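> Chain residues, written in single-letter form:
Protein chains: 2
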Amino acid sequence: MNDQNGLTIAVVGATGAVGQQIIETLMKRDFPYKKLVLLSSARSAGKKVNVGGNELIIQEARPESFDGIDIALFSAGGSVSMELAPEAAKRGAIVIDNTSAFRMDPDVPLVVPEVNEEDVRSHKGIIANPNCSTIQMVVALEPVRKKYGLKKIIVSTYQAVSGAGNAAIEELELETRALIDGKPYEPKVLPVKTGEKHYQIAFNAIPQIDKFEDNGYTFEELKMMNETKKIMHDSNLHVAATCVRLPIETGHSESIYFEIESDDVTADSIKELLKEAPGVVLQDDPANQVYPMPADCVGKKDVFVGRIRKDLDNNKGFHMWVVSDNLQKGAAWNTVQIAESLVNLGVVKKK
Amino acid sequence: MNDQNGLTIAVVGATGAVGQQIIETLMKRDFPYKKLVLLSSARSAGKKVNVGGNELIIQEARPESFDGIDIALFSAGGSVSMELAPEAAKRGAIVIDNTSAFRMDPDVPLVVPEVNEEDVRSHKGIIANPNCSTIQMVVALEPVRKKYGLKKIIVSTYQAVSGAGNAAIEELELETRALIDGKPYEPKVLPVKTGEKHYQIAFNAIPQIDKFEDNGYTFEELKMMNETKKIMHDSNLHVAATCVRLPIETGHSESIYFEIESDDVTADSIKELLKEAPGVVLQDDPANQVYPMPADCVGKKDVFVGRIRKDLDNNKGFHMWVVSDNLQKGAAWNTVQIAESLVNLGVVKKK
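If you read the sequences in order, they're chains G and S.
If you count by UniProt numbering, then the first sequence holds residues 1 to 351, one letter each, in order.
If you count by UniProt numbering, then the second sequence holds residues 1 to 351, one letter each, in order.
One or more hints might be untrue.
Claimed, not checked - Derived DSSO-like pairs (lysine-lysine); straight-line CA-CA distance at most 27 angstroms:
id, chain 1, residue 1, chain 2, residue 2
1, S, Lys197, G, Lys310
2, G, Lys211, S, Lys310
3, G, Lys310, S, Lys211
Quick caveat, the hints were computed from the structure, so don't treat them as lab data.
On a predicted model such as this, the values are computed, not experimentally measured, just so you know.
Please build the complete structure, drawing on both the sequences and the hints.
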């Protein structure tokens, strides 16, 4: 919405997989902005992007680019955020950062509006958008935590390649075509672009997302574990994750085991609760083969939940299957939603 | 091995994905057989198969087909086993059955030779081969159970389509090609051929393998849960499974959380144990991006284990990633291995 009394918004990383979705999402929403400034690295500067019928030229992101910006949506990689987010904040912009650069900084709120929207009020110039896998999990589990208490989460992920950017999407497409035609293909991107080894993703499963820590967990796994505790404000929560990359273009799935505090809760009570939960769509009717799948979630903003069932050995244990578009709720939509929270809660005011 | 003093072996379901692998495995092994009889449904009877340079004609499986058979390897679906396995046993053959028809029958040993080889001695004519997902899990966990005690398993699977037979392999190939060419494709096989609805498997994840029970679990999940307890002879073991079908042709992966009885065991001790374990290949060197992947396991008999790490909240909890060729150790190789156990333990004697 082009609103003459509205806000000036910058998108940093406008040509990336997430940046493109942020621009589209801003267009679709009734977001009160006056001016949209598209920024990127020097490499992409000068490119033209059609935004709602207007042609915008992408400019190189520099400290001065943020003069006069109200909200800056960063999605251009951790090093760009590290360098420029503090510069943007210094110039009065509120940064909503999609990278992992500031997520665990105690001065930076880490926000999923369905869970901890009020945390945006305590920002000091930077608000972090959580990891895609974390977001869909906490949206599905927060209603359970609020009503029944949450003790433990064990999650195994089924993650799409688009979480690793446009180069990974292209690799999956080219590699799949090559393999199916019986031709060779040399992987160059997955699992980690800057890693030493690259592996086939087509018709394969790679149990590595991001680099390894010395304790044997990947950064992706530790992100899910640490961010969940921060967003839910519960440092005693037990969270363990195994993160796996799969030959799926878009849509992350998660097999989640969780234990609650309350006794004698039924799977049906959990289903009733999630049917009404914000941001959640319940798809849980096994008799009719109804459950969430990544191919069905693409382009949608919701978190889809199904296969809710009680553990047969533990009265406080449950299993469920959670699917969401990792570029939407996992990134672009949650980012825009935080910007909307800033406006709705009056943290940022229109002129 | 064509051994004139050897056994007479029948393979039932000789044209199926598993049947073909059983024949190949018998050829590769030094198995002491005199005669190989290939059987199938009436539909496939008459087809010719090249076996070690000889052309064998597949015959229709009937009760009389089992006269004079020492060991009959069944892999033609549950209904064929239900009908013909007791007939074969009545005629003196020892049946090794690859279907789920008799697995939980208290009179039928359920055998993974690395775990409970001695159980073959108690057969009453039929021995069952466990579900593919169960086999690779118990091979990886039995050494842990024996040394440290095992209390609990929570497993999420990443299963290949070949577990659903040749039609599912063809569906993945045709559907992938169609989608990548932007053409429509109507799924007809997965997740369950006889089910009401069929879903896209290419670039997707389907959280359904086999049909649903009323408690919200699939039969595949309940198989893993019940078979594991039976093979490990521990009805008190807690096992929970979530089974998911993925666009992978061959090779099942499993993200396994387990809790042991012993305190203060390190991840390194578990690695040392599994490095020496029968049927296990340890691939666990995160610093060098070494971990098992389905694309690497195809055609191999071993169970590959990696990503072993301690749970950060529970001193008795561990996570690991287990991969194996579902047609080999998950089916054909375990079946032939049971036949070898029958010979090696003297349960079946050469003439």
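> Hint by hint, note whether the structure agrees.
Consistency of the hints with the structure:
no. : hint                 : verdict
1   : S/Lys197 to G/Lys310 : 25 angstroms, holds
2   : G/Lys211 to S/Lys310 : 18 angstroms, holds
3   : G/Lys310 to S/Lys211 : 18 angstroms, holds
Comparing the model with each earlier hint shows no violations; every hint is respected.
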